[in-house]
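Student: All chains, please: the whole structure from these sequences, using the hints.
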Amino acid sequence: MADDYRPGSREDFDRLYQVAYPRVYRTLTALLSDPAAAEDCAQDAFVQAYRAWSRWRPNAPAEAWVHRIAVNRAISYRRTAKLRTVGEVMRRLGRPAPSPDPADEASRSDLLTALRALPPKLAAAIVLRHYHGYNNREIAAALGVSERTIGTRLRQAGERLRRELEPGFPLDAVAALQAENRETYAKD
Amino acid sequence: MPKIDPDGLHPTLIARLRAELNRVRPPQNQPRYLRAGAPTHPWRFAPIALAIAFTGILALTAFAATGSPNPAVWTNRVETVINPPSPSPESESTPTETQQQAVPAPPPAHKPTAQPTQRAEPSDSPEHESPEPGDGRSGTSSTASSSRSGNPPGDH
Numbered sequence: 194m195a196d197d198y199r200p201g202s203r204e205d206f207d208r209l210y211q212v213a214y215p216r217v218y219r220t221l222t223a224l225l226s227d228p229a230a231a232e233d234c235a236q237d238a239f240v241q242a243y244r245a246w247s248r249w250r251p252n253a254p255a256e257a258w259v260h261r262i263a264v265n266r267a268i269s270y271r272r273t274a275k276l277r278t279v280g281e282v283m284r285r286l287g288r289p290a291p292s293p294d295p296a297d298e299a300s301r302s303d304l305l306t307a308l309r310a311l312p313p314k315l316a317a318a319i320v321l322r323h324y325h326g327y328n329n330r331e332i333a334a335a336l337g338v339s340e341r342t343i344g345t346r347l348r349q350a351g352e353r354l355r356r357e358l359e360p361g362f363p364l365d366a367v368a369a370l371q372a373e374n375r376e377t378y379a380k381d
Numbered sequence: 818m819p820k821i822d823p824d825g826l827h828p829t830l831i832a833r834l835r836a837e838l839n840r841v842r843p844p845q846n847q848p849r850y851l852r853a854g855a856p857t858h859p860w861r862f863a864p865i866a867l868a869i870a871f872t873g874i875l876a877l878t879a880f881a882a883t884g885s886p887n888p889a890v891w892t893n894r895v896e897t898v899i900n901p902p903s904p905s906p907e908s909e910s911t912p913t914e915t916q917q918q919a920v921p922a923p924p925p926a927h928k929p930t931a932q933p934t935q936r937a938e939p940s941d942s943p944e945h946e947s948p949e950p951g952d953g954r955s956g957t958s959s960t961a962s963s964s965r966s967g968n969p970p971g972d973h
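Chains A and B, in that order, are what the protein sequence lines are.
Take 194 as the starting number for the first sequence in this note's numbering and just add one per residue.
Take 818 as the starting number for the second sequence in this note's numbering and just add one per residue.
Hints in this document: simulated from the structure, not taken from any laboratory.
Note that CB positions come from ideal geometry on N, CA and C, so glycine has one too.
Some hints here could point you the wrong way.
Unchecked claim - A few chain B residues that don't get close to chain A, going by computed Cβ distances all over 12 angstroms:
#, residue
1, GLN845
2, THR872
3, LEU875
4, ALA879
5, ARG894
6, VAL895
7, THR897
To be verified - Pairwise CB distance ranges (calculated):
#, chain 1, residue 1, chain 2, residue 2, range
8, B, PHE871, A, ASN328, 51 to 61 angstroms
9, B, LEU875, A, PRO312, 51 to 61 angstroms
10, B, ILE865, A, SER269, 53 to 63 angstroms
11, A, ASP197, B, GLN845, 17 to 27 angstroms
Tutor: Structure follows, in structure tokens:
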């Protein structure tokens, strides 16, 4: 798939945008609560990728490369958003909080909310693994870390999501299920 | 019993994650990179950098050659080197001769200037310097004067 794209080719970048933009946008939707911010970061990531397109090397998948840029954008955005939130809270001290937008509330789900509450690197690992279907090696290449780090992040993210979404689900039961699965995989 | 992913996420959660992210519709706005201009090439500034470096080297060389930071002096120097002034025979020979004669010239030059001052009185009428006809001091002068008058003395 990566071989289809030629670095520096405008036509190929247009094609990459058509294929990868919806996927990158969905990844960022899982990382950022504001859809406008997700779009902004995705567009910025493609602008940055376009400027560096002639330097892209086909030894890594182009979409993973754009994902890496986009996730870094989202991390920067969340860092600055945290500061903005603190500033708004300081300004609103003593006043009633604004009522949430019903349209926003409808588009939110507890799963996405829990994902957005995770550190962005953990959330990105979950989305790349379980939504886009990357394996650990591809995620490691996309995010520029080792496979072992990706394994650790996935485990941490899974445990935190379970704690958030299935409070009654015992962790020892999960461990038992995992052990059972390992046996099943070994038999296969 | 549902299988749990080796990374620890329940299959139900994975299915929900896929369903919810699939429901997300990305906005169909115009790609922002289209307005970002052409992709940058690593060597795009090379010609500018090369031109600046070349100009700097040229200026340093000109400064070293002329000893002056004034570009007007550099251009003058270049003009004189490339297009030297056309040598005229007079202007070329005169200074060399005068320079060559300038060194031995002063001793004789002082003597004639000193003599006229001593002979200031007789020099006020140069015609008196010439000997009188029939003075007899020199034959050549008498013959010259007789030839001028047209009547030789022997004819009388």
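Student: Does each hint hold? Answer for all of them.
Tutor: Here is what the structure says about each hint:
For GLN845 (chain B), the shortest C-beta to C-beta distance to chain A comes to about 10 angstroms, within the 12 angstroms cut-off, and the non-interface label is violated. Once the 12 angstroms rule is applied to beta carbons, THR872 (chain B) is consistent with being away from chain A; the minimum gap is 28 angstroms. Distance to chain A confirms LEU875 (chain B) as a non-interface residue, since its nearest Cβ pair spans about 32 angstroms, more than 12 angstroms. Separation of ALA879 (chain B) from chain A is adequate, the least Cβ-Cβ distance of about 38 angstroms exceeding the 12 angstroms criterion.
Its beta-carbon lying about 45 angstroms from the closest one in chain A, ARG894 (chain B) satisfies the requirement of being farther than 12 angstroms from that chain. Non-interface status of VAL895 (chain B) relative to chain A is upheld: no Cβ of that chain comes within 12 angstroms, the nearest being about 42 angstroms off. No beta-carbon of chain A comes within 12 angstroms of the beta-carbon of THR897 (chain B); the shortest separation is about 49 angstroms. The hinted range of 51 to 61 angstroms is satisfied by PHE871 (chain B) and ASN328 (chain A), whose Cβ atoms lie roughly 53 angstroms apart.
Between LEU875 (chain B) and PRO312 (chain A) the C-beta distance comes to about 57 angstroms, which sits within the given range of 51 to 61 angstroms. In this structure, ILE865 (chain B) and SER269 (chain A) break the distance hint of 53 to 63 angstroms, their C-beta atoms being roughly 31 angstroms apart. Separation of ASP197 (chain A) from GLN845 (chain B) is about 24 angstroms and conforms to the stated range, judged on CB atoms against 17 to 27 angstroms.
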